[in-house]
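Turn these sequences into a full structure, and let the hints guide you.
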Amino acid sequence: VTADVHGSGALLEHVIPPAAHWSLLMRNGRSLTLTARQDGANASVLLFAAHDRVDRLNIPDTLKAQMSGRVCAPMVLMSDRGTALASVTGPSLAWHDAITGHSRDVDVAAFGPSSYAADRNEWRRSARAGLLTELRKHGRDRADLHACVNFFSKAAVADDLRGTLSFVAGHARAGDWVTLRSEQDLLVVLSTAPHPLDPAWAPGAVAASVHPAAPWEPDDPSVTFRPESARALAAARAVFA
Amino acid sequence: MSPAIVVPAEQALTESVLTEDTAALDVIVAAGDGFAGIVPAGGEFRIVDLCGNQAADTLFYDAADLANRYSAADTIREQGAVYLSTGSRLLSADGDELVRITADTCGRHDTLGGACAQESNVVRYGTHTRHQHACRETFLRVGAPYGIGARDLGHNVNFFMNVPLTSDGALAFADGVSAPGKYVHLRAARDVLVLVSNCPQLNNPCNGWDPTPVRLLGWWSA
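Protein chains in written order, with my numbering: chain D, 1 to 241; chain Y, 1001 to 1222.
Possibly wrong hints are sitting among the right ones.
[Claimed, not checked] Below, in silico cross-link-like pairs of lysine to aspartate or glutamate (DMTMM-like), each with a Cα-Cα straight-line distance of 25 Å or less:
no.	chain 1	residue 1	chain 2	residue 2
1	D	K137	D	D52
2	D	K137	D	E13
3	D	K137	D	D105
4	D	K137	Y	D1065
5	D	K137	Y	D1094
6	D	K137	D	E122
Because the hints were derived from the structure by calculation, they are not lab data.
The structure displayed is predicted, hence computed values, not measured ones.
See below:
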């Protein structure tokens, strides 16, 4: 499968450097493609309804409604308010982690001291620090943080009593990609800091491109995936009815 | 087909020595009702599944800093396992221990399934469930006097609920691993605001299709 998203007609193209943070306001009816530029890249992503001060991605509701412990196509990413924020329309990977959270300063400190003064823009920063800074640019703060999706990363779960987790190193390769179709106007906030369970500090850059996307039709894979997915998509169309 | 998870009856169950007669808090939370209160640092808190197979949706907050709230993702990652049981440290988003499970006669508890809401019930079960009572309604009602609003509702613990996540990436709501009288016992690592919604869900087996009361007990010096 190849993503036909790198051609002409992009509304926006941007490369987020390794271990950096970024945010994007994206209209309904767009596709956002994230592409790993290096092996082992990670993108910790938060989603908010741009028009709604309190509606945001709800990972438990997304997972339980679609009987999944991971994020993959053609799942619908659902909000607290029971609406589709985005549909996962085209990943080259069948597993994106959504249960183990983003890195914190303490995780990054394990790799030794780093500062802007010493390392300039190569300094090591946590996903949490980056996500909070980016949230604050939009008038949001700690109370708005929710469980993220770690695109390009996988924490495997064992079929034992505890549900033991183990990080899968090298899950994503350079060139792996994922596409989200916005189902409402969105605020997307992300960090390219390494996954918190990654034993190595080897952050990768992630390329983002935004294109116009056709609205879903009744035969759309995300609509036909499950009745729950279809109902969340219908609820998104009824926002501001 | 997902691999089956067998929960052996002899799994590591642990009991508390504290008895009801010395409790500073002793309340029955009716089916579909809720509770909010502060458990002081060092205080002990117990939730008893009186009738069995009853999900107790629970949120924890640093009482001095409500944005420093329970984080399911941080808790799961730092313990390296999906389910909660004795010894689990329930962490906040800032990485602080809020409470620790010190005894557990049930065996394991879910923190992936979140709470039911009228809106998510519509997604899962259809429009006819839009006005059925749900946990999110209870959290907003009992949390409001403590300053908890929609922004502050994170992803909760579901005590006594069995939501197996399997190695192939499937997630299911299975019948409860709990039974009448099973309990979970927690110790607060700092002053903690606890919100409990005794789940009113009627559309899946998390409450055995018949929501029932839970009992809350607390031990601390006033």
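Status of the hints after comparison with the structure:
Of the pairs offered as hints, the one joining K137(D) and D52(D) holds, with about 16 Å between alpha carbons and a cut-off of 25 Å not exceeded. Of the pairs offered as hints, the one joining K137(D) and E13(D) holds, with about 21 Å between alpha carbons and a cut-off of 25 Å not exceeded. Only pairs whose Cα atoms come within 25 Å are accepted, and K137(D) paired with D105(D) is accepted, the gap being roughly 20 Å. Straight-line distance between C-alpha atoms of K137(D) and D1065(Y) comes to about 22 Å, which keeps the hinted pair within the 25 Å bound.
Using a Cα cut-off of 25 Å, the hinted pair K137(D) and D1094(Y) holds, with the two alpha carbons roughly 20 Å apart. With a C-alpha separation of about 22 Å, the suggested pair K137(D) and E122(D) falls inside the 25 Å cut-off, and the hint holds.
Taken one by one, the earlier hints all hold for this structure without exception.
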